[in-house]
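Those protein sequence lines, which keep their order, are chains P and L.
For the first sequence, this note's numbering gives the first residue as 1, with consecutive numbering after it.
For the second sequence, this note's numbering gives the first residue as 1001, with consecutive numbering after it.
There's no promise every hint is true.
Cβ-to-Cβ under 7 angstroms is the rule here; a few derived chain L residues that face chain P [claimed, not checked]:
1) Gln1027
2) Phe1028
3) Leu1052
4) Thr1055
5) Asp1604
Calculated from the structure, these hints are not laboratory results.
Just so it is clear, CB atoms sit at the ideal spot from N, CA and C, and this is done for glycine as well.
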Amino acid sequence: MAKVDEFLPMPLPSFHMLLALSEGERHGYALKREILRRTNGKLNLAAGALYGSISRMLDQGLIEESAERPDSHLDDERRRYYRITPLGRRVVHAEAVRLQQLVRLAEDSLGLPELA
Amino acid sequence: MRRLYRLLLKLYPVRFREEFSAPLERQFADDRRDARHAGERARFYLRTLADLVITIPREILREAGQDLRYAARVYRKRAVATALAFGALALAIGATTGVFGVVNALLIRSLPFRQPDRLVEVANPPVSPLGGRADYDAWLANSGFLAGAAAYFPTQMNLAIGPQTSHVQIAEVSANLFDVLGTPAVFGRTFAPGEDRQGRDNVAVISYALWQQYFGGDPRVLGTAIRLNGTPLAVIGVAPPAFDFPRRTAVWTPTVMDYGLLPQDGVFYASMVGRLKTGLPLATANASYSADRATRESLARNRQFARNGLLPDAMIPRLVPLRDQLAGPVRQSSLVLLALVAFALLIACANVAQLLLARVGERRQELAIRGALGASRARLVQQLIVESTLLTTLAAVAGLAVARWTARVAAAAQPVRMAAQDYSALDWRVFAFAILLAALTGLLFGVLPAMLIGRTQTAGDPLRSRAGHGCSGAGRMRTGLLAIQGAVALVLVSGSLVLGRGFLHLVRADLGFRAADVVTLNVSLAGTRWDSENRLAQYYQSALARLRAIPGVQSAAAVQYLPLIDHMYGATGLQLDSGHKVSPVIFNSATPDYFRVMGTPILDGRDFEASDRAGAERVAIVNQEFVSQLGAGPHIVGQRLTALFPKGRTYLIVGVCGSARLHGPSDSFVPQIFLPVDQSPPGFATFVARVQGAAGASLAAARDAVRQAAPEVPIYDVKSLDRRLAEALARPRFYTTAVIFFGVFALLLAVVGTYGAAAYAVTQRTHEMGIRLAVGASPAGLRALLLRQNLAPLAVGVAFGVVAAALFGRYLQSLVAGAEPAGAAACTAAAATLGATAALAVWIATSRIAAIDPTAALRAE
Chain P
1 MAKVDEFLPM PLPSFHMLLA LSEGERHGYA LKREILRRTN GKLNLAAGAL YGSISRMLDQ
61 GLIEESAERP DSHLDDERRR YYRITPLGRR VVHAEAVRLQ QLVRLAEDSL GLPELA
Chain L
1001 MRRLYRLLLK LYPVRFREEF SAPLERQFAD DRRDARHAGE RARFYLRTLA DLVITIPREI
1061 LREAGQDLRY AARVYRKRAV ATALAFGALA LAIGATTGVF GVVNALLIRS LPFRQPDRLV
1121 EVANPPVSPL GGRADYDAWL ANSGFLAGAA AYFPTQMNLA IGPQTSHVQI AEVSANLFDV
1181 LGTPAVFGRT FAPGEDRQGR DNVAVISYAL WQQYFGGDPR VLGTAIRLNG TPLAVIGVAP
1241 PAFDFPRRTA VWTPTVMDYG LLPQDGVFYA SMVGRLKTGL PLATANASYS ADRATRESLA
1301 RNRQFARNGL LPDAMIPRLV PLRDQLAGPV RQSSLVLLAL VAFALLIACA NVAQLLLARV
1361 GERRQELAIR GALGASRARL VQQLIVESTL LTTLAAVAGL AVARWTARVA AAAQPVRMAA
1421 QDYSALDWRV FAFAILLAAL TGLLFGVLPA MLIGRTQTAG DPLRSRAGHG CSGAGRMRTG
1481 LLAIQGAVAL VLVSGSLVLG RGFLHLVRAD LGFRAADVVT LNVSLAGTRW DSENRLAQYY
1541 QSALARLRAI PGVQSAAAVQ YLPLIDHMYG ATGLQLDSGH KVSPVIFNSA TPDYFRVMGT
1601 PILDGRDFEA SDRAGAERVA IVNQEFVSQL GAGPHIVGQR LTALFPKGRT YLIVGVCGSA
1661 RLHGPSDSFV PQIFLPVDQS PPGFATFVAR VQGAAGASLA AARDAVRQAA PEVPIYDVKS
1721 LDRRLAEALA RPRFYTTAVI FFGVFALLLA VVGTYGAAAY AVTQRTHEMG IRLAVGASPA
1781 GLRALLLRQN LAPLAVGVAF GVVAAALFGR YLQSLVAGAE PAGAAACTAA AATLGATAAL
1841 AVWIATSRIA AIDPTAALRA E
C-alpha cells in the first residue's frame, strides 16, 4: 500500500471532496455546495481551485468521470459527474486514519477533553 | 462580466481549458446568482480574481510539467536524431550569441563617455596642433557643427616612477579632452582650460589601473612626480576605472600643443575627437564639414599625398561616429561574421524543423488516435511547442558555453582598443539575445510542424501524401526547407573555398624574410641615460655583444622598424644624380647582420660593416622594390642618393637587399632605405637573433642578456618572430576557420536533411513502392526516381545559392585580404560537392528499397 502513502497528507479541499464523493456521485457545483454546507460556510471553493483539484485527482486516479447520469430531467447536459475510485477510497481512508492519529497525539500531549 | 470571465479563462493552459472551461463558466454564473447584495457581489468578484491569479499559474506549471515529461520520453526514443538536432542548435545558437557578444561590445554597448552618440572622430581635420593653438581655436570657433573638439595623439613612452621604468601607452592631448568626452576624474582633477600652454603643461592624469598597480591606490599620488621619456610631470588626477581612451592609455598629458616637451622619435599625427552641437544630425554636420573652406583647402594641399597612396582613407574629411571609429576595421568583419553565423543558425533551424516535420508525419497515426480520443489540435500544438522549446532551451544553455569560447577566440583574433569594448559574457544584452534566439528558433521549428497538424490529420491516404512531391502541406514545407538548406550551404561552401584559397595564398606569400627560429625583443631608450647620439650606438653594440655570447645564437642584430610591428613610418623622397627619384621611401636603421638574421638576401653589393660608423661616409642599402621604382637599371650600387628632406644629405648605395612585406603577408612591397645604426641611431629598436632550435626556449636568455647591458632600459614584447607572424595572421585565420567550419557544418546538415527526407520517403511510400515493384519496376529504377525527386529541391536551392553567393560573396571576401570573389569555379565546385554528397546520402537512404518484398509490403497495408 505504498502507493496510498504517496498521496498523504492530502490538501484539505481534496480531502473534503473525496469524503463528499464517497457518499455518491456529484457534479462540480454540487460538490462545492456540499463542502460549503459541511464546513459551515468556511471552505468556499472558487471555480479555479475546485476544478484544479478535480483535474489533479482525475490525473492521479483518485476520482473518475462518471458515464451514468441521474434522470435526464434532473440533469443539465453540461454538468459532468464524478465518482470516487477504489484507490480514492483507500486514500481518503488512510488520510482519515492519519488525522485521527494526529488528534490522538494532541489529546495525549495536551490533555484535551474528549470532544462530543 | 461573464464575457470578461470567459476571456480570462483563455489564460488557462489548453488541456485544462478544454476540459473545464464550461463547468468553470457555469459555476461562475451559479455563484454570482447566489451572491445577492452588492457587498456579497463585490466579495465574490474579488474572490474570483484571487482564484484566477492563484490557479492559472498553478495549472500552467502542472500542464507544462506533463508536456515536458512526455517530450523527454519522445526525445529519448529517437536519441540519435535528437542528439544531432541538439548539437546543431547548440552550436549555431552559441556561435551566433558569441559573435553577437563581440558586436555588442564593439558597436552596441555604451562607451564610458557622456552622451557617446554625440561624439565623432573628425577625420583629416584641416588644423593640426602643430599649426599652433591660435589656428586651432579659430577654426573650432568658426565651425558651426562642433560644440567642442579635442586633439589627441596616442603613442608609447618610457614611464619612470621612482627607480622603475616601463614602456606604456600614453596620450598627448589638448587640455579639454576630458571635458569634450564628459569624463570627470575619479580622484584629483582633470586638465584645467589653458593647461595645455607651454610652461603650464608639465602635469599628467594617470589611469586607474596604473594608480592601483604603482601607487597601491594611495591618495598621496597627487603631486607625485613621474617621468615620461625623461621629462618630469606632476600627477594631478586619476581617470575612472573603465576609461582608457584612445587606446589602453595609462597616462594623459596636455602636451599635444607643445610638441617637443616630451622627446620622442617617430611620426607625430594628432587626431581629433569632437562633440556635435546639440540637436544637430550627423548628416548635416558632415555636410557642413566637407563644405568648410578650411577643409577644402586642406584637402587640396593633401592631394599630393593622396596621389602617392599615402593614407588614402584619412584624406577624406568626414565625421565618423566615435563608436565606429573605435571599432575600426573589425566593424564590418564582425557584422559579416554575425550574418554568417545567423545563416548557420537558419540552416540548423531548417534542419530541426525538417526533423520535427518528419516526426509529425511518422506520428500521424498517434496524433490521429489522440485526436480521435478528443485531443484537440490546440492541445497537440501546445505539446509540439513544449517539445521544441525544451530542445532549444537546453541547446541555448549549452550554447552559452560555445558563445563564451567563440567570443574568446574572436577577441584574441581581433583585439579591441579600449577596455570598455572588452567582451563580457555577463552582459544582459547577450543573455537577452540568447534567450530571444532560443525562443525564436523554438517558435520557428516548433510552430511550423504544429501548423501542419490540422492538415496531416485530414490527409489520410498514404498514396496521395507522397513525400517530396509537395502535395501535402508538410511535404511542401519539407521541400522548401531542403531548398533553403541547399541555398545556404552553397553560399557557405563556396565562401569557404574562396576564403580557404585566400588564406593559403597569405600563408604561402613570400614575406621577404624567414620567420622561423628568430627571437625578437623591443627596447626604448627615450629618456634613459643612453638617449644621446653617440651613446645610443654604444648601447646597441654592448647589448648585441651580450646577445651573441648566448650559446645557440647564430647571429644577432638590431633594427629600427621590424616587419610585422605597427609603426607610423617616417618617409621622404630620394633621388639619384641622374634625376631618377622615388617618393615616398621608408627610412629604417639596421646593424650589420640584420639581413642575415632575417634571411633576407643581399642581391647586390654588401651588408653593413663595422667600418660604417659615425663620421665615415654615409652609406645606405636599398631594397629591390626601391630599385624597380627608381627605374635607373638594376645596377645602382656605388651611386649616390640625395634626400629631398632634409635637403641635401647624400648616401652612398653599398647594397641592394630583397624586399620584405612590412605589415605581414597581405601587405605589398614598399620602397625602403636602410641606414647603418652607427650613422643613424634610433631611440628605439628591435633586437633580432637567429637561434638554433626552438626560438621560444631562447626568449628568456635573450631578454636577460639585453637587460644586463643596461638594466634601466625597458624591454617589451619579447616574442619569437613566428609568433608575431601568427598574430598578424590571427584575424584572417580566425575568419577562414570560422567560414570553413560553418561551410562544413552547412554541408553536413544539408546532407543529413536530404538523407532524412529520402529515408522518410521510403518508409512512407513502402506501399507504393511495393505496387511499383509488383508491376515490374526495378529497385534501381525506383532508387533513381527517389534520387531525382529528392535532389530536385536541393538543386533549386543551389540555384538560389549561386545568386546569393554572387550578391553576398564580396562581403565574405572582405574578411581575408587578397581573397578573390566567389567566381564560377568556386560555385561549381561547391555545387558539385553538395550534389555529390547529397546524392550519396539519398542512395544510401534508399538502399532499403532493394530489400522490399512486394507481396509483404502490400499485405502490410
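Checked hints:
For glutamine 1027 of chain L, the suggested interface contact is upheld, since its CB lies about 4 angstroms from the closest CB of chain P, less than 7 angstroms. Nearest Cβ of chain P to the Cβ of phenylalanine 1028 of chain L: about 6 angstroms, under the 7 angstroms cut. The hint holds. Because the beta carbon of leucine 1052 of chain L sits about 6 angstroms from the nearest beta carbon in chain P, less than 7 angstroms, this interface hint is met. Taking 7 angstroms as the C-beta cut-off, the interface hint given for threonine 1055 of chain L holds, the closest approach to chain P being about 3 angstroms.
Interface restraint check for aspartate 1604 of chain L: the shortest CB-CB distance to chain P comes to about 93 angstroms, outside 7 angstroms, so the restraint is violated.
When each numbered hint is compared with the structure, a violation occurs for hint 5 only.
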